[in-house]
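Student: Just so you know, the protein sequences line up as chains A and B, in that order.
Taking the numbering used here, the leading residue of the first sequence gets 1, the next gets one more, and so forth.
Taking the numbering used here, the leading residue of the second sequence gets 251, the next gets one more, and so forth.
In short, the hints are calculated from the structure, not lab data.
Among the clues, some could well be false.
What follows is a set of in silico ranges between Cβ atoms, one per label pair, in the way DEER data are often shown [as the list claims (entries may be wrong)]:
| id | chain 1 | residue 1 | chain 2 | residue 2 | range |
| --- | --- | --- | --- | --- | --- |
| 1 | A | Ser43 | B | Pro479 | 27 to 37 Å |
| 2 | B | Thr498 | A | Val44 | 56 to 66 Å |
| 3 | A | Arg168 | B | Ala596 | 27 to 37 Å |
Just so it is clear, the structure is predicted and the values come from calculations on it, not from any experiment.
Note that CB positions come from ideal geometry on N, CA and C, so glycine has one too.
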Amino acid sequence: MTEIRVGHLYPEYLNIYADRGNIAVLANRARWRGIDLVVEPVSVGEELRPGAHDLLYVGGGQDREQALIAPNLAAKGDAIREAVDGGAAVLAVCGGYQLLGRFYRDRGGAELPGVGLFPLHTVAGERRLIGDCLLECELERGEKRTLAGFENHAGLTQLEAGAEPLGRVIAGFGNDGESGFEGCRVGTAIGTYLHGPLLPRNPWLADWLLARALAHRLGEAPELASLPDGLEQEAHLVSAARARSRGGRF
Amino acid sequence: MAVARAAARLSRLAGTGGGTTVPGKVLSALDPDALDRLAERLPLGSALVSATNGKTTTTAMVAEILSPRIRLAHNASGANLVSGVTSTLLSARNAELGLFEVDEAALPEVARRVKPRAVCLGNLFRDQLDRYGELEHVAERWRAAVRDLPAEALLVVNGDDPQVGDLSRERPGALVFGLDDTRHARPELQHAADSKWCLSCGHPYEYAAAYVGHLGDYRCPACGHGRPPLEVAARDVELRGLEGADFTLAAPAGERRVRLAVPGLYNVYNALAAASLALALGAELDDVQAGLERFGAAFGRFERITVGERGLLVLLVKNPAGANEALHTLVQGGAPKLAVLALNDAIADGRDVSWIWDVDWEPLLAGLDRVVVTGERAAEMALRCKYGGFPPEAIEVVPELEGALDRGLELTPAGGELVMLPTYTAMLALRKIVSERGFVRPYWERAA
Chain A
1 MTEIRVGHLY PEYLNIYADR GNIAVLANRA RWRGIDLVVE PVSVGEELRP
51 GAHDLLYVGG GQDREQALIA PNLAAKGDAI REAVDGGAAV LAVCGGYQLL
101 GRFYRDRGGA ELPGVGLFPL HTVAGERRLI GDCLLECELE RGEKRTLAGF
151 ENHAGLTQLE AGAEPLGRVI AGFGNDGESG FEGCRVGTAI GTYLHGPLLP
201 RNPWLADWLL ARALAHRLGE APELASLPDG LEQEAHLVSA ARARSRGGRF
Chain B
251 MAVARAAARL SRLAGTGGGT TVPGKVLSAL DPDALDRLAE RLPLGSALVS
301 ATNGKTTTTA MVAEILSPRI RLAHNASGAN LVSGVTSTLL SARNAELGLF
351 EVDEAALPEV ARRVKPRAVC LGNLFRDQLD RYGELEHVAE RWRAAVRDLP
401 AEALLVVNGD DPQVGDLSRE RPGALVFGLD DTRHARPELQ HAADSKWCLS
451 CGHPYEYAAA YVGHLGDYRC PACGHGRPPL EVAARDVELR GLEGADFTLA
501 APAGERRVRL AVPGLYNVYN ALAAASLALA LGAELDDVQA GLERFGAAFG
551 RFERITVGER GLLVLLVKNP AGANEALHTL VQGGAPKLAV LALNDAIADG
601 RDVSWIWDVD WEPLLAGLDR VVVTGERAAE MALRCKYGGF PPEAIEVVPE
651 LEGALDRGLE LTPAGGELVM LPTYTAMLAL RKIVSERGFV RPYWERAA
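So that you can see chain A by itself, here it is in the shape it has in the complex (with noise of 0.2 Å):
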């Protein structure tokens, strides 16, 4: 049976937002096509093993939590990178997201160490962005997806001149509120504050970093099978309305 390894970054401590709830899809998603999801805990004790993992997940945590596995996640940024350069593929959300930046600037001025994976950085604003948030992605040229998702972070994230932001926002706050963007991504790694979780009313994105795994894993991405997702679609449609009827206000 094929496999693909997911690796779980910090998984007792980056949870607030339902975390497991992407795992979860993941995991299903794969078996119902007949593939196995194996997922293993990396933690502050345990190495980031070259080539180990098809797919790394590092999810969010509160202020307190972030700061304590800051450094440690630090100092597996060579091997972050040099997974995300031999194709692994990355989802991170939210907390995850910010720390896979260059670093995070709390309102005190003290700051957390990124991993430099995406180039950006992110600086504590004044008020929380909360609500629910609406992105168009284009991952592949020519394939236009809506992203429905909920965003609650007082990180304003600014990308650098030439980085590629996940999506354009269509309602909701966004990086930052102003630039009408959202997210970053690097070739095969995706980082985006949406939760809600993200993937269960997000289908097409658990599938497109699914075949990046397999693609990591076999070489080359099989065509995945279609899945009946008439559950998922109408999920969708309720979020990207709240978003378009409530988003990105105050």
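Starting from the known structure of chain A, fit chain B onto it as the hints suggest.
Tutor: Here is chain B on its own, set in the frame of chain A:
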């Protein structure tokens, strides 16, 4: 104030609610210091109860204990912001003691204005992050509020919650309660546990016993920060499924065996909090025991209603820790074959529905033949079931609540009981439907 009282009647006449917050809002707009002055008039002062989970039930238990001897101003309907407390004081003119459940975020302001003689703090769990923000921030605001309490005020805290128990160190003479029965410890910390890292040094706590979420007997192996000594404890707990729970209440004044008519370990915690606060306010141990034993559930939290030939069991679910306990108790009491899950996303429910993914629904799902999902976010709830391993063909999506209730009743045999698990606004809507059909009274009548 006459204007505000008139507003209460108007609110009820307009059919928009029980008039439980409108008069307070009107009065606060007309007179910003109204709450301070209304509270000052109470001859026995005020007592406040706050917690993420159980504040309505705990406060109602305290009311049951004290009400035979003391006239109370009690916000029994759950209107627990400044406006709700003000409204309660307006409509209880002859009260001797104010007894208020208070929203976690509103606690600092209510405490500053009411100047309570006792404050009981139960627990802090992640809850509606879109509204309250992170747990640590709520805890910091509580700590500041405790420091600002009047010098003579009594503090009552749950020692089993690291964040809350630590507040006892802010205030010498604080009364600490907790659970002392390792037979009911969970084998490991639940997914929804929050305060897992030592407050002093950040090292993971070790648990001699973890009871509900992160509530338990914890100690940091690195620096020794741990659960403060308990002055009021529950021992020898016997859970009687959905029927109730028995425990031995051990207090400085003596011990009593208490037979609760409400189920689950979380209600033992509520009873402990209520007993501790009542004792701190000077109640006799016999009155505490009698009050707790008389107590039925706070409205909608756990409620059995007869609907024609069928029963309806309603269990409120509103955040991961609370929902886990409700589900655990439900399954222990005999797992149902059918359930109706109602998920709304109004402000009072939390607009961010991600919390349903932190709830351990799986023990319930494992016993179900069929699930009906309803509410404004019914499809999201359906996905939670589907990705929790439940067969999609056994999930029925009926977004409209009344239709889902009828579908559930239709699938329930005569003489059977339908289990419904609604979020807060879904629970209110459900009560309205059931009361319009003549099966229950509106809550503001019941609470009075």
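Student: For every hint, state whether the structure bears it out.
Tutor: A quick look at each hint next to the structure:
no.: 1; hint: A:Ser43 x B:Pro479: 27 to 37 Å; in the structure: holds, 33 Å
no.: 2; hint: B:Thr498 x A:Val44: 56 to 66 Å; in the structure: violated, 41 Å
no.: 3; hint: A:Arg168 x B:Ala596: 27 to 37 Å; in the structure: holds, 29 Å
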